[in-house]
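Q: Residue numbers (our numbering), protein chains in the order written: chain A, 1 to 113; chain B, 114 to 230.
Hint data in this document are derived by calculation from the structure and do not stem from the laboratory. Virtual Cβ for every residue (Gly too), placed ideally from N, Cα, C. Hints are not guaranteed to be accurate.
Claimed, not checked - Covered stretches of chain A (chain B as the covering partner; in silico rule of three or more C-beta atoms under 8 Å from a C-beta of chain B):
1) 38-48
2) 64-70
3) 81-95
What the hints assert, rightly or not - Subject to a maximum C-alpha distance of 25 Å in a straight line, what follows is the list of computed DSS-like cross-link-like pairs (lysine-lysine):
4) A/57 <-> B/116
5) B/129 <-> B/183
6) B/151 <-> B/183
7) A/11 <-> B/183
8) B/151 <-> B/129
9) A/57 <-> A/71
As a plain string of letters, each chain reads:
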Amino acid sequence: DTGVSQDPRHKITKRGQNVTFRCDPISEHNRLYWYRQTLGQGPEFLTYFQNEAQLEKSRLLSDRFSAERPKGSFSTLEIQRTEQGDSAMYLCASRTRGNTEAFFGQGTRLTVV
Amino acid sequence: AQKVTQAQTEISVVEKEDVTLDCVYETRDTTYYLFWYKQPPSGELVFLIRRNSFDEQNEISGRYSWNFQKSTSSFNFTITASQVVDSAVYFCALSSISNFGNEKLTFGTGTRLTIIP
Numbered sequence: 001d002t003g004v005s006q007d008p009r010h011k012i013t014k015r016g017q018n019v020t021f022r023c024d025p026i027s028e029h030n031r032l033y034w035y036r037q038t039l040g041q042g043p044e045f046l047t048y049f050q051n052e053a054q055l056e057k058s059r060l061l062s063d064r065f066s067a068e069r070p071k072g073s074f075s076t077l078e079i080q081r082t083e084q085g086d087s088a089m090y091l092c093a094s095r096t097r098g099n100t101e102a103f104f105g106q107g108t109r110l111t112v113v
Numbered sequence: 114a115q116k117v118t119q120a121q122t123e124i125s126v127v128e129k130e131d132v133t134l135d136c137v138y139e140t141r142d143t144t145y146y147l148f149w150y151k152q153p154p155s156g157e158l159v160f161l162i163r164r165n166s167f168d169e170q171n172e173i174s175g176r177y178s179w180n181f182q183k184s185t186s187s188f189n190f191t192i193t194a195s196q197v198v199d200s201a202v203y204f205c206a207l208s209s210i211s212n213f214g215n216e217k218l219t220f221g222t223g224t225r226l227t228i229i230p
């Protein structure tokens, strides 16, 4: 499979717990994005990596959220002390440098109960 | 700030009818890119087309066609002879180059298209 893969596909957690999601981009893609999509809305940008460097973060990314891409390959998104408002689909996308489109994974659907 | 408006929340058409999905955008950038993505129930966003702001030629790909009009800031998408497999949520998106080559996307709220057999 040469697409963007995300794990897990679904996560149900209790309020206050920590969760971590993983994204494996397409292997030659050095740029990686995280987006969040709530019900009935379009995806919203969260953060951007170029190789291992996190170069941009949205104001949506509160201090309970942290993202890493330690070796410039896979990335993780952690949410600490989850709240019900964190319930959403978390999408990862990757692309190469230059004028190219972003390829999206199938997302991780988080439900906080 | 960038903004994408998809005024049509839901559209239903009978199979084989043509359908047009509207997209209007706002940006102050002179160089930008416009996109359409399809999101089937599985959740993955499937890339359909990318257009840069200097290329106003309309494009056709099979049953799909796109009409880019800079004068009205619109980038509409038409499906000809619709099929049940076209049922999905369709998103229009806009990007421009911000810091560090970040072509982050600003999405509209999507149009849910249902094709009735």
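Q: So, against the hints stated earlier in the document, which numbers end up violated here?
A: 2, 5 and 7
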